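Q: Sequence:
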Amino acid sequence: MLPAVGGGSTSFPRSNSRSSAPLGGGRTLGLPTHSMHTSTIFYSSSEDFAECFPEFVEEDKDRAMRIYNQVADYIESENQRNFEALFNEYDLQNKIDILDKMVRDAKTRKASGDLGPDVRSDEMRPQSAVYGRTVPILRAEIARVRSLHAKMEGQNLALADDLQAVVKEGDILQKRIDDILDKVDEAHNAWESVPMEDVHAWTSQVSEKTKPVLRS
1 MLPAVGGGST
11 SFPRSNSRSS
21 APLGGGRTLG
31 LPTHSMHTST
41 IFYSSSEDFA
51 ECFPEFVEED
61 KDRAMRIYNQ
71 VADYIESENQ
81 RNFEALFNEY
91 DLQNKIDILD
101 KMVRDAKTRK
111 ASGDLGPDVR
121 SDEMRPQSAV
131 YGRTVPILRA
141 EIARVRSLHA
151 KMEGQNLALA
161 DDLQAVVKEG
171 DILQKRIDDI
181 LDKVDEAHNA
191 WESVPMEDVH
201 AWTSQVSEKT
211 KPVLRS
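Under UniProt numbering, think of the first position of the sequence shown as 1, with each following residue one higher.
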């Protein structure tokens, strides 16, 4: 509603439109875009429009109404785009669907009288509510840790068996090496005990026997 210059009033009709965003289950969330627009500069100072352009409004009311509506349409479409951008950026539709489902489920439980174990009551101590939620989680975690411990214990036993087998095989190889070294020591000691005269005599005999026979 714009005040007419020179008394009376000038009415610029606008439809009180509502944009709708879909909700889960075929429901929609009504966005009162028109009421939101009233907080914009244009709508909050609509009287200023006539005060700023008094001669234009008085002389050409129809054209003033068209310009007024064009600006209002632009603001409405711009706001609608901004609303959709916000919905997409913050995933509001999914969050609204979840909240809507929670409310409807709560109403259904309340109507059926089955409030469930998670509903707070004045008789329930806060500690009991915390225990009721925490203890099952802790028990599941204890079971998981015990299962993991049993698995690791089995792996450790298998590794211990493998290590013991490797150590046993190493002991066998070490015994073989010790036996070979003992025989080498025995051969060396036996060679050292042979008199040098016998060594020279044996060397000469071998040399004579291995000389090539010269043919005439």
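It is worth saying that the hints were derived from the structure and are not from the lab.
Please note that the accuracy of each hint is not assured.
Simulated crosslink set (EDC-like; lysine to aspartate or glutamate; CA at most 20 Å straight-line) [to be verified]:
no., residue 1, residue 2
1, Lys183, Glu197
2, Lys61, Asp73
3, Lys110, Glu123
Pair by pair, the computed Cβ-Cβ distance ranges are [claimed, not checked]:
no., residue 1, residue 2, range
4, Asp91, Ser147, 35 to 43 Å
5, Ala158, His188, 42 to 50 Å
6, Ile137, Glu89, 28 to 36 Å
7, Glu186, Asn156, 22 to 30 Å
8, Lys101, Ser147, 33 to 41 Å
9, Leu86, Arg133, 32 to 40 Å
10, Glu186, Asp162, 52 to 60 Å
11, Phe53, Asp105, 27 to 35 Å
Owing to the predicted nature of the structure, the values given are computational and were not obtained by experimental measurement.
Ideal placement from N, C-alpha and C gives every residue a C-beta, glycine not left out.
Q: Of all the hints numbered above, which does this structure not satisfy? Sort the numbers upward.
A: 1, 7, 10 and 11
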